[in-house]
Each structure stands twice: as C-alpha cells, then as structure tokens.
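Protein chains in written order, with my numbering: chain A, 1 to 302; chain B, 1 to 126.
Treat each hint with caution, since some may be false.
Partial list, derived from the structure: chain A residues whose beta carbon lies under 8 Å from chain B [as the list claims (entries may be wrong)]:
#1 P47
#2 R114
#3 Y172
These are computed hints drawn from the structure, not numbers from a lab.
It should be emphasised that the depicted structure is a prediction, and the values quoted were computed from it without experimental measurement.
Even for Gly, the Cβ is constructed at its ideal location relative to N, Cα and C.
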Amino acid sequence: MLIGCIYKKHRFRCKAFTLSGFLLGASLGQAAEGPFFVTYTHQMEEPGNLELSLKNITGKPDEGNRFVGGAVEFEYGLKGWWTTELYLDGQGTYNESSLMTGFRWENRFRVLPREHWINPVLYFEYENITGADKSLLEIVNHDGVDDIAVPNAESRAEKKHEIEAKLILGSYYKGWTIAENFIAEKNLGHAPFEFGYAAGVSRPFALAARAERCNFCPENFEAGVEVYGGLGTHRDIGFHGTSQYVAPTLAWTLANGTTFRVSPTFGVTDTSAGFLLRFGVAYEIGQFGRSAGRLFRNFGGR
Amino acid sequence: MKTVLLLGTGLVLLATRTLAGGEAPLELAPPKARGMTNPFAGQERARRAGEKLFRRECAECHGVDAAGGGKAPPLKVPVVTNAPPGAIFWVLRNGSLYRGMPSFAHIPEPQRWQIVTYLRSLAAAR
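Okay, chain A solo, but in the shape it has when bound (with noise of 0.2 Å):
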C-alpha cells in the first residue's frame, strides 16, 4: 500500500492507510533490532517470536523515475540458533507502475552456542523475483544505478530464480555492535557467481536503562554506519564496476518496542545511485508460535 503512495489518485487513502499501521504497530510493539538495513548483525530473532517489518527505500536514477521500493518482512525464531524469514517485494515508481516484484525466504543458523569475540552466522536465501525488484536489499556484482533506471515494463519481464549465502559475523564490544556479512549469489538459470559485501557498526546513545518508561530516553535511540557495495563475479572480482554506499542510521525504539529506523544512502562510485532514502518500522509479536499454537489446538477441540 505504502508503494500505492506515489499516485496522487491514491494519497489521502495510502496516507490513512499507513498512519492506521503505524497506529497498530504501536499497540502490538515489543521490540524491534538495532539501526541496520543491509548489514546483518549475529543477533537471532528470539524463539517464538514474530517480528514484522516494512523496509522501503527512495530515490531518483538520473536516467530514470523516482521509485519507492519496499519489503514486508516476516522474522520468526524457530529455534535459538535459528531464525526463518520471509520478505514479500514491490516497487512503485512515478509515470509508470506498482508491482509485486516476488518473495525471497531466508534462514540464519548461529554456528557457535556462546558468545566469542566474533560470532558466526551461516545464512541461506532463496529468491524468486523479477528485474524489477527495487527493494535492493544487498548489493553484489556490478548492480548499479542503470538497473533501477530501467522502465517497469521491461524490467518486469527478466524473472530471477536465485540462492544466495552468507558468512555472517558479529560482535558486541563496550556498547559498540560491529557486524560484517560477505554475500555470494548465483542465479540457477544462468550468470556466474555474484559477490558483495555489508559492514556496520552502531551505538545506542546511552549505555543504561533509565528507571522510568519513555519514548525519548537516550537509550532509546541508536545511531550507526554501514557500508555496503558489490565485488564483482569470480571472473573478475575486486571494486571496479561496483556500486559502493556509505549510509549513516538511526533507529528510535518507542516503550513499547516500535522501532522506526531512517537512513541516507550516499553513492561513492560513478556506478552507485547519488541518494537513496531507505526508512522503516518494525515491531515484535512476542511468542507468537505459542499463541498461534494454542488457537489452532483451540479449533482442533472442537
């Protein structure tokens, strides 16, 4: 719906719309995960739990209209050391269209049962979208600004039946989150393997919880950077080509867990979008599993 925004003929019903889900966000809110939108962190949803997420992004290719992309994310812990996660793709983009662009489901596994000094995180994805998908949730190979200029007419019609994987690490040090994820991607139709990368680091401005429930306490509040670009395909890997984005963040996480995150994205090769605005909300539905769980033995019963 957020997509549904940028047609003037649907603006007073998307901005009700919207307002009503961040209404709703923060009535079911619990808690929601530091300031990142690319880089992963070696934190795992909590079991039980279902977070639920809206990650969009903006911008203007030069070449190109302006889009808004976005994805629904569903986070849900199975296990611990294991969490599953499924986003649903669209975009919208001025003069031209909105559109599903597909689904991507994922699986992180924490390798090591304690906490190290960097904590490993094994991460596998399967994605079924299409050349339209601008959500650009990671960035490999030589993905560039040209790609999100193509029309939605044409960019629809290239399908992408993808796997990816990554080498997740993590650490926490004095406050400090520092986490750095190595991506390798390959289309199962056809394409070499693609490469990239995500590093960011984050601090939350204050250290200790105040005594009193609030919305503005500097605890609430966590800045960070993350850096993030593609590193080619193994026939010719290394920077050249590649897109490369510099993105401070910031996450405000309300008293009742609603965390609303924004960051500007700063392009730094000649390859790269100029500015993107990436922004989101989440919120966590604590043990949702067991409720779910319940209802469903509820209606078996009877």
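Mind docking chain B on chain A? Use the hints.
For chain B alone, coordinates are given in the frame of chain A:
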C-alpha cells in the same frame, strides 16, 4: 559442491549442539564470570530500570511476575535470586540456545546488570 556445503553445515550444527550439554545454564557459568561484581548492586533506580527492561525483554516468556510460563522456568526462585550476580549476567550474555533461551548480548552491559539487580531483588519480594 552443494552437498559438501550442506554436510559441513549439518556437522557444525550437530557438534555445537552436542557441546551445549545438559546442565542448567546457571551451573555452566565459569568461575571467572561468577566472581564478577554488579556495579549497580543495591541501587533502587537500577532495580527499577531493570524491572522495566525485564518487562520488555524477558516477561513474554518468563511472565510479568517472573513466575515462569510455557517452557520458560520461573525466575522468582532461590536458585536464581540467590545465584551469584555474575552467573546470572553470564546467562544473559550467552543464553542457552538449545534450551530456547536466546542470548541477550545485544543489550548493553549496564542494562544487563540492571536486569540482574532486579532479579536479585525478587528474593526480598517473595
């Protein structure tokens, strides 16, 4: 290649699961961790902050009154409230992943100590 990758992942997960052991999480805390002192011990504001954090991070599994719920054990029991603060802190940091207790290492250290302060105060409240 894919088979090797899957097999390797499976072996790593199996090995880590075996290493996790079957002891209660508090008993697994090493002596060095048990000996840590709580910088907020006895501070009322820290206890209140800890209660706030407990309600946000822990109550959904362990219950608002720490009486336990579902598979999560009660925390308002002597084995927890009388445990060395460092042992509780160690469990918060590491969790017990194969028993369903996640790691709370993402919460800054002072906030974890505030939760410890609150949990220890439950002994007096019982």
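Structure-based check of all given hints:
Because the closest C-beta pair between P47/A and chain B is about 5 Å apart, less than 8 Å, the hint holds. Given hint, R114/A at the interface with chain B, holds; its Cβ is 5 Å from that chain's nearest Cβ, closer than 8 Å. Evaluation of the Y172/A hint against chain B yields a held restraint, the C-beta minimum of about 5 Å falling below 8 Å.
Hint check: no violations occur; every hint is consistent with the structure.
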